[in-house]
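Top to bottom, those sequences are chains A and B.
Using the numbering used here, read the first sequence as starting at -5 and increasing by one per residue.
Using the numbering used here, read the second sequence as starting at 428 and increasing by one per residue.
You may find that some hints are simply not true.
Stated by the list, open to error - Each computed DSS-like pair below joins lysine-lysine, with the alpha-carbon atoms no more than 25 Å apart:
| hint | chain 1 | residue 1 | chain 2 | residue 2 |
| --- | --- | --- | --- | --- |
| 1 | A | K141 | A | K151 |
| 2 | A | K(-1) | B | K526 |
| 3 | B | K526 | A | K178 |
| 4 | A | K194 | A | K48 |
| 5 | A | K91 | B | K526 |
| 6 | A | K91 | B | K431 |
| 7 | A | K194 | A | K93 |
| 8 | A | K220 | A | K151 |
| 9 | A | K220 | A | K194 |
| 10 | A | K220 | B | K550 |
| 11 | B | K645 | B | K488 |
| 12 | B | K550 | A | K48 |
| 13 | A | K246 | A | K220 |
| 14 | A | K93 | B | K645 |
| 15 | B | K430 | A | K246 |
As the list claims (entries may be wrong) - These stretches of chain B come out as covered by chain A in the derived footprint (C-beta under 8 Å, 3 or more residues):
| hint | segment |
| --- | --- |
| 16 | 439 to 453 |
| 17 | 640 to 647 |
Unchecked claim - Covered stretches of chain A (chain B as the covering partner; in silico rule of three or more C-beta atoms under 8 Å from a C-beta of chain B):
| hint | segment |
| --- | --- |
| 18 | 20 to 31 |
| 19 | 57 to 65 |
| 20 | 97 to 108 |
| 21 | 112 to 123 |
| 22 | 144 to 154 |
| 23 | 187 to 199 |
Just so you know, these hints were derived from the structure itself, not from any lab.
Glycine included, each C-beta is placed from N, C-alpha and C at the ideal position.
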Amino acid sequence: MLRNKTYPFYFTLATIALYTLFLVVPGVMGFYYSLTDWNSFSDEINFIGLDNFKTLFSSGEHYMSYVYNTLNFTVSTVVLKTALGLLFAIALNEGIKMKGFHRVMVFMPAIIPMLVVGLVFKSVLNPATGLLNETLRYVGLDFLAQKWLVDVNWAFKSIIAVDTWKGVGYIMIILLAGLQSISKSYYEAASIDGANLWHKFRYVTIPLLMPSLVVTTVLNLLYGLKVFEAVYVLTNGGPGYATDVVYTAIFKEFSMGRYGVGTALSTMLFVFMTIAGYFIIRLMTKGEDERS
Amino acid sequence: MNKKVQSLLVNGLAWILSLTMLTPLLLIVVNSFKTQTEAASMKLSLPTRWVWDNYSVVIEKGKLISSFSNSLLYSAAATVFGIALAAIAAYIFARNPSKLNRFFYFFMVLGIAMPINFVTLTKVMQFTHIINTQLGIIVLLTVISLPFSVFLLHGYIGSVPRELDEAGIVDGCSPFRLFRTIVLPLLAPVLATVGVLNFMNAWNEFVIPLYYLNDSGKWPMTLAVYNFFGQFQVSWNLVSADIVLTTLPVIVIYLLGQKYIISGMTSGSVKG
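Bound conformation, chain A alone (with noise of 0.2 Å):
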């Protein structure tokens, strides 16, 4: 009683009411919206049930690509960051000169906005001029050289390095943070049963660090579904469909004026990852719970 004198609800509500009108609203519009032949051309707003997703389920290899390439992006992202970013936390951990100068590199490409990178990207990655391919025929390795954005068999690995390139130094931070909140007497004792490195990595530092790396492989998970600056700078989903992700889909239905397939795609994405969400963001509330 006291507490809700002290503590009253409708502090919250105006916060609550802005976040349900525009994020909650629109995705529960959503399911009916995907029902509808929505589109820029004429007024009206007929229900036609399923058709679309009928459109996107039988224009077949499109929809199964752009699914497939979300995907594929979201695991080789997390797994690349994870691992490079642990190996990057562990080097700049300690036993280095100038550490603090060299976090702070890696740490930067995380901070500018993807769409810069992407456009310097397109600058070092172009086949002729680029600094990748002039690099590689200046050490004469001109058979690694590659149509990089252009090759329907590079075009997505490239957005996958270069998100790489981007994301590494924000997991090495979170990682770097769990590192140095492993105390060192674990070390010792492990040490002193006769541990090689590999023993000490193995069984102190990976389930030490493992609230860390639960953390941002879901950050990592959240993100790669999530993809669309990415792939809309770097090739806008071409050479033909080859890079399309489930965002730069929805972009370019919206573009079409197609809404009710745009709505229809969004509709899926949003009932799978609040469906995922529910549950990843139950585990990471749970330990606040429990405090108070």
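Starting from the known structure of chain A, fit chain B onto it as the hints suggest.
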């Protein structure tokens, strides 16, 4: 001996790593001072003649002053509103964990995972008459920052002793005064973290203005740069200068707020 080789190896690796991160950025800076022909191949070599004019050309042609002030307006307003709204909600959720509040806390944090449905959001933007307006962009940037801000703030408030509140209650503070004069100042470190993160995210945001602003006079820097790139693709010197000017503010903010960013990221991971 063995130790020396090992340290040399690790230090060498660290330098290779740093250079890999630095090179693409250096490339842009160097080429922003070249002539159009020299910049066409985007090499790392220094300019033969330093063309400072590129910057004045970009500021004029890229409508940089207007997009810079737009970005500043959007980011600053969204950061202030976002912090205020998130702090007061997180405070109530944390201090009064009733069933209702626990539900709404979870409901809001779920937004970290929830994807935005940009297509139907158009309807809401039309309905509220803020589509294609600066207010609309500020509202959206504020709202998307709420879930993560509430999450971080809630965790921090849990660690602030409640005894401090009680002192205020005894002194007869009204609920709002209690929050504003006693609790809010105690949250300064985490507010700085959330503020810096939100400001940088808002500054870097590209998708929301891409969907909801078609008036180029209201564009933030990211959109202006992208459009500029579309027009001047052949002039990498100008595009580079434009990129430098867009990126500089976030780098400055980062260097100023570095301490808070790092501590904020860590506080997010400690709870796990």
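What are the numbers of the hints that this structure violates, sorted from low to high?
Of the numbered hints, 3, 4, 5, 9, 14, 15, 17, 19, 22 and 23 do not hold.
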